[in-house]
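Quick note, the sequences are listed as chains A and B, same order.
Using the numbering used here, read the first sequence as starting at 1253 and increasing by one per residue.
Using the numbering used here, read the second sequence as starting at 11 and increasing by one per residue.
Honestly, the hints are just simulated from the structure, not real lab data.
Note that beta-carbon positions come from the ideal geometry of N, C-alpha and C, so glycine has one too.
Any given hint could turn out to be false.
[To be verified] Calculated cross-link-like contacts (lysine to any residue; reagent style SDA-like; alpha-carbon spacing at most 25 Å):
id	chain 1	residue 1	chain 2	residue 2
1	A	K1517	B	G59
2	B	K100	A	G1765
3	A	K1470	B	K100
4	A	K1470	B	L30
5	A	K1474	B	G59
6	B	K100	A	K1474
[To be verified] Pulled from the structure, derived: some chain A residues nowhere near chain B, Cβ distances all over 12 Å:
id	residue
7	G1335
8	W1340
9	I1347
10	I1532
11	H1534
12	G1573
13	T1746
14	D1752
[As the list claims (entries may be wrong)] Computed spacing ranges between beta-carbons, pair by pair:
id	chain 1	residue 1	chain 2	residue 2	range
15	A	D1515	B	L85	36 to 44 Å
16	B	W90	A	V1274	25 to 33 Å
17	B	L34	A	T1746	42 to 50 Å
18	A	L1708	B	D54	51 to 59 Å
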Amino acid sequence: MPQGNNALAISFFFIFMALTLVITYWAARRTKSTEHFFAAGGQITAWQNGWALAGDFLSAAALLGIAGIVTSNGFDGMIYSIGWLVGWPIVMFLIVEPLRNVGTFTFADVVAYRLTQRPVRMAAAVGTLAVILFYLIAQMVATGSLIKLLFGLPYVWSVILVGAVMLVYVLFGGMLATTWVQIIKAGLLMAGGALLALLVLLHFELNPLRLFAAAAEKYGTKVLQPGSRVVSGQWDAISLGLGLMFGTAAMPHILMRVYTVRDVKEARMSILHATGIIGIFHLFVFIIGFGAMVMVGPEAVAKAGGGGNMAAPLLALAVGGNAFFGFICAVAFATMLAVVAGLTLSGVATLSHDIWASVVRNGNCPESEQLLVARGATVLIALFAIVLGVLFEGQNVAFMAGLAFSIACAANFPALVLAIFWRRFTTPAAVASILTGTIVSLVLILLSPTVQVDLLGKALKEIETNWWFVPLRNPAIIAMPLSFGIAVVVSLFTSETAADDRFDEMRNRILFGAPRANLPQAAE
Amino acid sequence: MTAKEFRSNRGAVDLANRRLRVALILSALMIVIYFGFMGLFAFDKPWLGTILVPGLSYCIILGPAVIVSSFVLCLIYALWANRVYDPGVKSLNR
Chain A
1253 MPQGNNALAI SFFFIFMALT LVITYWAARR TKSTEHFFAA GGQITAWQNG WALAGDFLSA
1313 AALLGIAGIV TSNGFDGMIY SIGWLVGWPI VMFLIVEPLR NVGTFTFADV VAYRLTQRPV
1373 RMAAAVGTLA VILFYLIAQM VATGSLIKLL FGLPYVWSVI LVGAVMLVYV LFGGMLATTW
1433 VQIIKAGLLM AGGALLALLV LLHFELNPLR LFAAAAEKYG TKVLQPGSRV VSGQWDAISL
1493 GLGLMFGTAA MPHILMRVYT VRDVKEARMS ILHATGIIGI FHLFVFIIGF GAMVMVGPEA
1553 VAKAGGGGNM AAPLLALAVG GNAFFGFICA VAFATMLAVV AGLTLSGVAT LSHDIWASVV
1613 RNGNCPESEQ LLVARGATVL IALFAIVLGV LFEGQNVAFM AGLAFSIACA ANFPALVLAI
1673 FWRRFTTPAA VASILTGTIV SLVLILLSPT VQVDLLGKAL KEIETNWWFV PLRNPAIIAM
1733 PLSFGIAVVV SLFTSETAAD DRFDEMRNRI LFGAPRANLP QAAE
Chain B
11 MTAKEFRSNR GAVDLANRRL RVALILSALM IVIYFGFMGL FAFDKPWLGT ILVPGLSYCI
71 ILGPAVIVSS FVLCLIYALW ANRVYDPGVK SLNR
């Protein structure tokens, strides 16, 4: 076991940190308006944005969490890989054109477009913040265990370190710096993942089937077959699928990225690039997970702690020695840092753009003030992330991130889709749908075995007879239909002439984009 | 009033509806592929786990196939939008 003070790993780590700080400094000198802070001035190209999207999306859950699940359970880990990809086509087909042409910074812009601004934005902010906090917990937990392994620092200090570094570059660099860090990180992550997969396959004559066969020989053919340890119930599997697919199409930090490019065509192409990059990466992760199973062993991975999250770094040590271990650790660290920053930024956009500027100040808020509020909100979210990260030590990242997607799927997706496609949709319905989705998901998670058994340590036998017990670990299959249902029922019982009238205006805008006068000058 | 203009702009309404149709068909395809796979995973594990040759089972083939198919569907949409939809929007009067 490598413990602490790995000089090579630590130097890689500092080289990366220095690089990101230079980018932040460069970006900070260019961040002069909210348009720059939240949308990088709309100057990012499709190819760059594709990498940045992949960077935002390929979190610790992808490299560390899924690899860990594959290592200990075989094929079942792939359920997460697949689920995290199939949402992208949905974003592409249903969401991207309306989102880009109707909104300005956040998805709430689109939901609120033809409804009453204040209540919708407040509800959307509640949903968004719930999603972001859950996702942040997942990232902070993985980062903590990684830094513990790398530096030998205590868990609490490693979480504080990540929080502090993240704070620095979101605070000063905003979206432009975050985007560049994402691009570099996504490039490194792909290169590292490809190299790791290649080094594994070199031991198996470059034939993945030999690797799988070796795994089956060592641990039984069950590793190549769907099992029930990762997702226990049948309906739980479908529920997880729903959450991953439609949650992806409603993740606030991903949706925010369609505004960083020049126009809707660039947005579309960036989604295509991102889908390709993420798909290929997930295939690498599958090889990496099986590689770790055969060459490191599930027992050794489990012993390293952190909910199986350390499979990929330990495999790097086994196939590439200390230098490669350092490289993978640095890349994984950068990954989490960048995702945490992207999440924070979108939480900040919610607090300052949706809540402060639109609700508190009723849209009459000078830009300098909005920027000030944004920076204050960054500090607040960083503190929350640190505290929650410490509390949830030891959970598997992929699973925790899955819960964040389930909340997004129930809270944001129904309102977003109905706002775009259904003329009869009304303000009370949007508010009811978002709040129902958020609250029902959170309550179901609270009553599920995840919290009751894993976190609170109650015995499953004792609580499963209680009337309130929820056997599902993934809430989407109940919460999402409820959220849709409430939206439809409330819409049918209320009527909103203004919303109805503006539906065609919105369709016009989806087709042609914003009227010329409203286009940001940066588009030229 | 843009809303009225939009309703009277036949070409625009047609193009918007056409995009909606393409988007819905492709989404439906993706949903069928994915939940077909998840359905097998949830309700027919023995078949999905059939070992074909050493190191290969149905799920090892179908899993990556779902990943590839989502990229292919995205590619189809992007090509259609770039080659048909965008020129269509340009040729319309705002």
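Hints, one by one, checked against the model:
1. K1517/A to G59/B: violated (42 Å)
2. K100/B to G1765/A: holds (11 Å)
3. K1470/A to K100/B: Distance ~61 Å between K1470/A and K100/B Cα, so the pair is violated.
4. K1470/A to L30/B: violated (51 Å)
5. K1474/A to G59/B: holds (8 Å)
6. K100/B to K1474/A: Violated, because 55 Å separates the two Cα atoms, which is more than 25 Å.
7. G1335: violated (8 Å)
8. W1340: violated (6 Å)
9. I1347: violated (10 Å)
10. I1532: violated (9 Å)
11. H1534: violated (6 Å)
12. G1573: holds (27 Å)
13. T1746: holds (20 Å)
14. D1752: Since the minimum Cβ distance to chain B is about 10 Å, D1752/A lies within 12 Å and the statement is violated.
15. D1515/A to L85/B: 36 to 44 Å: violated (20 Å)
16. W90/B to V1274/A: 25 to 33 Å: violated (41 Å)
17. L34/B to T1746/A: 42 to 50 Å: Violated, at about 26 Å.
18. L1708/A to D54/B: 51 to 59 Å: violated (35 Å)
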